[in-house]
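Chains as they are written, first to last, in the working numbering: chain A, -4 to 584; chain B, 891 to 969.
Bear in mind the hints are in silico, worked out from the structure with no lab data behind them. Possibly wrong hints are sitting among the right ones.
[As the list claims (entries may be wrong)] In silico DSSO-like pairs for lysine-lysine, Cα to Cα no more than 30 Å straight-line:
#1 A:K360 with A:K282
#2 A:K425 with A:K225
#3 A:K537 with A:K16
#4 A:K185 with A:K360
#5 A:K11 with B:K894
#6 A:K11 with B:K928
#7 A:K185 with B:K928
#8 A:K575 with A:K515
#9 A:K16 with B:K928
#10 B:K894 with A:K185
#11 A:K115 with A:K425
[To be verified] Derived contacts from chain A toward chain B, CB cut-off under 10 Å, selection only:
#12 A3
#13 D4
#14 V6
#15 T27
#16 P30
#17 P33
#18 R192
#19 C194
#20 V196
#21 L198
#22 T201
#23 S202
#24 T203
#25 L205
We put the CB at the ideal spot given by N, CA and C, even for glycine.
In case you want the letters, here they are:
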Amino acid sequence: MLFDLSLADAVMEARKIGEGKPYRILVLRQCTLEPMAPYLVTGGRDFGLEIEISFGRFDAMVQDVLEDDLWQPEPDCIMVAPLPTRYIPQVVEGAGLIAFDEQAADIETALASVEKLITKIRERSRKPVLWLGFYRPFSAPLGLSDERRGERSLESIIRRINLSIDNILRTTGPGWVIDMEGCAARVGWKQFYDRQRECIVGLPFTSTGLREISIECLKYIRNLTGGLKKVLALDCDDTLWSGLVGEIGPEEVDFGLHGFPALGHRNLQRLARCLKERGVLIVLVSKNEEANVWEVFETRKDMILRRCDIAASRINWSPKAENLISIAEELNLALDSFVFIDDQMAEIEAVRRFCPEVTCLHLSKKNLLEIDGIISSAGWFESTEITETDRTRVELYQADIRRDEMRARTLNIESFLVELSMDLEIKIDKNVDTKRASQLCQRTNQFNFTGIRYTATDIEEFIRSDDASVISLAVRDKFGPLGDVALAIITFTQERAYLDTLVLSCRAFGRYCEYVLLEKVAEISARRNIQWLVGRYVPTSKNAIIRDFWSKNGFNVEVSQENIQTATISLHNFEMFYPKIFRSIKQGE
Amino acid sequence: MQTKSRIFLLVAKILNIDVNLINEDLSPIDIESWDSLKHMSILMALEEEFNLTLSDEEMVSVGCVGDLLRLVDSPRDRF
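Excised from the complex, chain A in its bound form (with noise of 0.2 Å):
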């Protein structure tokens, strides 16, 4: 992990030759930061992502947004280093120095430069950009006094800075400002600024501040990229608790307020509570009796995690590889999108050999109390927003299971999704809630036709956008909603229209919702006199499961050298073929 990785050792992995295409991150900056590189491509393997970086010239970047050069080919994310020093030196030079209404002058034309870069920027690409937020120098100009100052203090002129340019770049495209005070608070300033080397060689951060810098924008760029991982499967004794249930019994198990481990185990627990809260599933794999785990759950009012933030749990004593791989099936989602953690070394040794794609994390003693700060820098649970659908994951979950169980008595199929009433709601264009849109592109892998990532910003354009049509179908039955489940996104030329994204949650599989989406697309497409529908496939390491969907639906399939599909069907005898299952069918106004 880069967590612990020094720069010789990141230089040696960052070295490798990688496989894959490319994910090209171009750095508009005014320091230099290519020691920055080694961590960036290195972290980027850690899941999956093997990441190209060019730099800008140095301290030129309004002329590099007009260099064509640098633009080719189109970077997939735009990183912006300004230095506060540089670009907004009346503001950190003047604190102190003049009065605070000019000083208000300064900031509103550090602004509105800012908010001319980032524009151009966006007329140029509209990829994501990341901002190295400005930070404080290493001492208030006015000392001690400084923070008499309240809203005048630098610190938060800084942080108002910070804010606003975030607002700029959320209301121009998808962007973020990168807490820099952040990363060097994780490492101490004294580790993390280098004002000699900055004088020297133009490089204002040691190597540990680059790493730490390195391991912020990773999170963003996996959330960009769809490697986030959705469930952390927990062990129980010595890991949720101090003590082992068996021995010692459920009053004795320790998770307390005082002392060491049991405050460290209680941490875990209360991380576990908050990332259930983010979407995370929680699910249990512990060697035990299953009646003396939850009876700790229910008996121990000073739990923090409870038994309905668990999503599923396999509580006996086979091997807990097997028990991951039957989680896995049960909630439907692939294994390497789990973080398995575990006291025991053995135990982390046999999931890491026959579960190879499940990251493992081993709690000692000595990491215990720092586990919330390693899994956060390693980026895994990082979302950027969240969803009402992520606040009500383990519920969705937990009704799913409760539908397989129906499912298992129901003799076939067709009766069981009948049986389950379901009711279906289209939702079209500016009806779409376009934060869980973007999130099905970016977390959907399975039943992903294209595996385009799209930001909620890019699915906007396509909403405002004559020449396209986005539509989202959520379903509810009888035991409960669903969410938005499917999504496609469609591009209209005069005979042609374009499949550009047509997505399915891993919940909603089998249930043909597929159909009745594309039932809507071919009359939206009809309506404007459209001939044609086209889709594609293009193969990525998940989508296996959807090679054959068009040439079983009727359509015609051409395929490319690189074993991407492109797939023809008229408009005119379209007619999707499935069992009307469903109890409604309407439209969302």
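With the hints as your guide, set chain B onto chain A.
Only chain B this time, still in chain A's reference frame:
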């Protein structure tokens, strides 16, 4: 590991050359890939490996691998 072999290994990693090719007299003139950026990376990696902070005089004084050894061995205040 001896200080000397740690430094040799670090330089070899960053310059991407065999560690056996490294000796105390080796300098940027001998190795084509040892440019200013690599030079800086070596100094940064050295600080990280030995947990020290180099002054600007010290950084400017480095002309060969032997100078790195002397820097690490010289007495200094540590954080």
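Exercise for the section: Just pull the numbers of the violated hints for me, sorted ascending. Expected result: none
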